[in-house]
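All chains, please: the whole structure from these sequences, using the hints.
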Amino acid sequence: MPSPVRPRSAWGLLDLAAAPTDGPVAFGDDLTPWSLLDAYRHGLYPFPATTVEHRLLNELSYEPEVAAGRIGLQTGSGYPYGVAWCSPDPRPVIPAAEARVRRSLRRQLRGVNWTTTADVCFERVAVQCREGRTEYWLTDELLASLTRLHECGYAHSVEVWDGDELIGGVYGVRIGGVFSADSQFTLRSGAGKAAVAELTRRFAEAGGIAVDVQRDSDHTRLLGARPLPRAQYLDLLRTPHRPSPLRTGRRPVQLLTD
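Residues 3 to 260, numbered by the numbering used here, are exactly what the sequence shown covers, in order.
Derived from the structure by calculation, the hints contain no laboratory data. Note that the structure is a prediction, hence the values are computed from the model and not measured. Please note: incorrect hints may appear among the correct ones.
[As the list claims (entries may be wrong)] Here are the in silico distance ranges between beta carbons for each label pair:
1. G251 x T77: 37 to 47 Å
2. P229 x V129: 27 to 37 Å
3. E55 x V129: 17 to 27 Å
4. R108 x T53: 28 to 38 Å
5. E55 x T241: 36 to 46 Å
Cβ atoms here follow ideal geometry from the backbone N, Cα and C, with glycine treated the same way.
Right, here's the structure in full:
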């Protein structure tokens, strides 16, 4: 596959052993595709600040912890507090091979004529995930880098369709046997959950180990997510894995109700 990878960033030097379990573990504004991919490889995902006020708030709130060495700071950044990098402990993950569609979602999907695809319109799914939000973390710069990673085979999307209408989707970045699901959207009740369930199924078919849903919540637990200690999550990322491509063809969503 084509690669955007240049010499690796300094994320490998970040020690997460004593990092905060919640909130930022580092700051640094390098959102280039190669730095972004390397961050995911080291268990990080970004939250860019969208306003000057937000950047100043980051600096005022976290500078003492940065100075004390509890939160990392990416060297060479023009304005490092512009992007917060997170790595929660524990990390909510869905074991791909053990995932089951909950009964409530199966009932919801029975009788609908929706279909699913993968990697048909990555950028459209990502843009939809920020639609209608007054403040969103998916900035144009981050979207451009994620789109580049998609073009190079590292970032993927799953789409849910009602006829020709896109009604739900999810996207994220694949690192070996782990898929880090960044965001989902839904325009019909259940479509977003169906997208995550379909992603997990297709990822399991491709030999994937786990789908990381990044932030723990009642919603993600309903999707089958379990808390995994950060150290074990990082071990998963380091596990050698020969990737197989996601199957991209159109499928009836009814397959999720079997």
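Results of checking the hints against the structure:
1. For the hinted restraint 37 to 47 Å between G251 and T77, the CB-CB distance of approximately 45 Å keeps it satisfied.
2. P229 and V129 have their C-beta atoms about 31 Å apart, which keeps the hinted 27 to 37 Å range intact.
3. Checked against the hint of 17 to 27 Å, the C-beta distance between E55 and V129 comes to roughly 24 Å, which is consistent with it.
4. Take R108 and T53: their Cβ atoms lie about 42 Å apart, and the range 28 to 38 Å is violated.
5. Look at E55 against T241: about 41 Å separates their beta carbons, and that is inside 36 to 46 Å.
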